[in-house]
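Visitor: Next come the chains, spelled out residue by residue.
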Amino acid sequence: MHLAVCIKRVPDTETRFTIAADGKSVDGTGLKYDMSDFDGYAVEVALQLAEKHEGSDVTVVSVGPDAVQETIRKALSMGATSGLQLRAADVPFDGFAIAQALAAELGEGKYDLILFGRNSTDSANGAVGVMTAELLDLPCVTAISELSIADDKGAARRELEGAAEIVEFPLPAVLTIDEGIARPRLPGLKGIMAAKKKPIEVRDAALGQPNLVIETMALPPERSSGRIVGEGADAVPELVRLLQTEAKVL
Amino acid sequence: MADMFAFAESRGGELRKVALETVTAARQAADATGGGTVTALVIGAPGIAGQAPALGRVGADKVLVVEHEALGNCLPEVYAATAAAVLAGGNFRGGFFSASAEGRDLAPRVAAKLKVSLASDVTGFRFDGDAMTATHPVYIGKAVVTERLMGTPAVISLRPSAVDAVETPRAGAVESTMPAMDPAAARVRVRETVAQKGASLDLGEAPVIVSGGRGLRAAENFKLVEDLAAAFGNAAVGATRAVTDDGWRAATDQIGQTGRVVSPDLYVAVGISGAVQHLAGMRTSRVIVAINKDKDAPIFKIADYGIVGDLFEVVPALTEEVKRVKGG
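Protein chains in written order, with the numbering used here: chain E, 1 to 250; chain P, 1 to 328.
These are calculated hints, taken from the structure and not from any lab test. Fair warning: there could be bad hints in the mix.
[What the hints assert, rightly or not] Calculated lysine-lysine pairs in the DSSO-like style (CA-CA distance at most 27 Å, straight line): (1) Lys-295/P with Lys-248/E; (2) Lys-248/E with Lys-301/P; (3) Lys-110/E with Lys-248/E; (4) Lys-326/P with Lys-110/E; (5) Lys-110/E with Lys-32/E; (6) Lys-223/P with Lys-323/P; (7) Lys-248/E with Lys-113/P; (8) Lys-248/E with Lys-17/P; (9) Lys-115/P with Lys-223/P; (10) Lys-115/P with Lys-24/E; (11) Lys-113/P with Lys-110/E; (12) Lys-293/P with Lys-323/P; (13) Lys-248/E with Lys-52/E; (14) Lys-248/E with Lys-293/P; (15) Lys-32/E with Lys-223/P; (16) Lys-113/P with Lys-153/E; (17) Lys-293/P with Lys-223/P; (18) Lys-323/P with Lys-248/E; (19) Lys-153/E with Lys-32/E.
All chains, full assembly: derive it from the sequences and hints.
Guide: This is the structure:
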């Protein structure tokens with residue numbers, strides 16, 4: 001099987017963010033970057049499928065400046081076969097603009113499966129995977145929590161709110177991966193050494209025109225720090241009184 | 001005056017709460033632009049037309065109904081093709097979907113079919129000349145952007161609970177229509193739908209959520225959380241990632257960055273320290289209560305009300321007190 005996994009390099013969300021001087025982005029000073037959470041699951045899923053299906057290869061694709069090579073290299077050290085950087089000075093906020101660049105590269109039956117994380121942890125639009133599938137006119141299943149592939153057919157479980165469904169689909173297909181499906185492996189020393197020799201191809205990204213742009217970025221309104229009602233079980237009647245009379249939620 | 005479209009989500013032959021929110025949002029958008037019409041689309045198995053009056057009550061002037069034996073489950077290809085055909089065939093300024101599991105799947109498909117961009121998971125919106133501006137949480141809720149979406153129609157997915165359903169009765173005139181694609185031609189098929197066991201109230205719809213963390217020490221102690229949820233009567237049970245990773249609770253109960261994002265009226269955090277990953281999923285709750293033995297736990301920084309103490313004493317007492325006031 002030929003598998004592609006599209007990944008995004010994002011700031012570590014454990015960071016304390018400050019807004020940059022332009023008022024439209026986060027201040028990059030001191031930020032650490034890593035592969036977006038769900039993309040890590042997608043890489044793991046691709047690697048497990050490749051292990052099961054002899055003769056498979058996994059291509060890791062990322063749109064962005066040269067710094068994304070570091071993130072691609074991480075996926076290579078986990079075991080992916082090769083990398084593809086679609087070079088762009090900046091990654092647009094508009095998912096449709098990104099999807100156009102990916103669709104331009106991933107079509108023509110080159111891949112049996114194209115995997116994405118459910119959404120990125122930075123812009124969190126959850127649009128790129130589905131839109132890429134639409135542009136390529138491929139079947140698409142989103143937010144997958146279980147997956148099996150056999151004989152050019154797949155079955156996947158999707159969690160809905162309060163229910164789940166099992167869907168079947170033919171290959172080639174585009175899949176977006178949810179949490180909980182498989183824990184991403186940590187690259188070992190051997191993997192890290194091997195990754196240094198793996199090829200990363202670089203091509204210019206044929207991005208679409210961005211029609212969704214950030215006007216301003218702000219920190220969320222601080223929750224006014226609440227109060228400690230009291231200590232231990234003795235504080236319970238006062239808490240319930242406040243929930244009834246002040247918060248009016250009871 | 002601008003006309004708006006809303007996709008009304010249903011499951012098992014009934015509208016979901018988000019359907020009423022989505023139509024309400026479209027109504028508010030139409031009214032804000034001087035009073036255009038709102039067209040709602042509902043798709044389902046035969047009988048789904050019976051849900052149309054409820055959409056009229058929240059502001060739909062017209063309800064397009066697609067009934068088909070094969071469409072009792074969401075076939076995204078058919079649903080998206082139908083929504084896109086309706087949007088392309090009218091003079092709609094905006095197309096509203098919910099950012100629910102189903103809407104997050106459909107909205108990008110529809111936008112891509114129409115060759116327009118998508119504003120996802122928005123918490124507020126405003127139509128402004130040839131652009132629409134919306135607010136959208138980024139970086140797992142640690143920042144919020146105001147974004148400008150060019151193009152018509154503006155396709156939007158609305159975060160569940162961001163807009164409350166409001167009664168603004170309109171005609172809700174029912175018009176039957178055909179799916180824009182033969183369901184038999186759908187490549188992705190639903191083999192089976194599995195109801196989540198034990199979950200009577202979904203996390204996204206429950207007005208109250210009682211959530212447990214590592215402080216509970218063992219899976220069986222979640223009984224305390226469940227009892228408190230039962231005392232409220234309208235509560236769902238959530239959990240932190242640490243807890244679902246350890247298998248104490250199902251992965252679908254997880255609230256946080258990699259789980260569900262919820263905004264109930266009341267969120268009770270039991271034995272939860274307040275890791276960034278968890279806060280990302282619940283910080284927009286209207287009222288937050290925290291019960292934790294560590295007075296320096298980060299959860300107290302965002303909680304409206306806190307009790308410092310042993311949850312094994314505080315929670316049973318709270319359960320009894322809630323029962324008492326609910327009963328009285």
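Visitor: Assess, step by step, whether the Cα of Lys-248/E is no farther than 27 Å from the Cα of Lys-113/P, and give holds or violated.
Guide: violated, 45 Å
Visitor: Given the hint that Lys-113/P pairs with Lys-153/E, test it: the Cα-Cα distance must not exceed 27 Å.
Guide: holds, 25 Å
Visitor: Please work out if Lys-326/P and Lys-110/E have their alpha carbons no farther apart than 27 Å.
Guide: Between Lys-326/P and Lys-110/E the Cα gap is close to 61 Å, so the pair fails against 27 Å, i.e. violated.
Visitor: Given the hint that Lys-248/E pairs with Lys-17/P, does the C-alpha gap stay at or below 27 Å?
Guide: With Cα atoms ~22 Å apart, Lys-248/E and Lys-17/P stay inside 27 Å; holds.
Visitor: Are the Cα atoms of Lys-248/E and Lys-293/P separated by 27 Å or less?
Guide: holds, 26 Å
Visitor: Check the hint pairing Lys-153/E with Lys-32/E against an upper bound of 27 Å on the C-alpha distance.
Guide: Violated, at about 39 Å.
Visitor: Assess, step by step, whether the Cα of Lys-295/P is no farther than 27 Å from the Cα of Lys-248/E, and give holds or violated.
Guide: Holds, at roughly 25 Å.
Visitor: Is Lys-32/E within 27 Å of Lys-223/P, Cα to Cα?
Guide: violated, 40 Å
Visitor: Are the Cα positions of Lys-293/P and Lys-323/P separated by 27 Å at most?
Guide: holds, 23 Å
Visitor: Would the hint linking Lys-248/E and Lys-301/P be met if the CA-CA limit is 27 Å?
Guide: holds, 21 Å
Visitor: Are Lys-115/P and Lys-223/P close enough, with their CA atoms no more than 27 Å apart?
Guide: Roughly 50 Å separates the two Cα atoms, so the pair is violated.
Visitor: Is the straight-line distance between the alpha-carbon of Lys-110/E and that of Lys-248/E 27 Å or less?
Guide: Measuring from Cα to Cα gives roughly 58 Å; hence the hint is violated.
The structure fails to meet hints 3, 4, 5, 7, 9, 13, 15, 19 from the earlier list, while all remaining hints are met.
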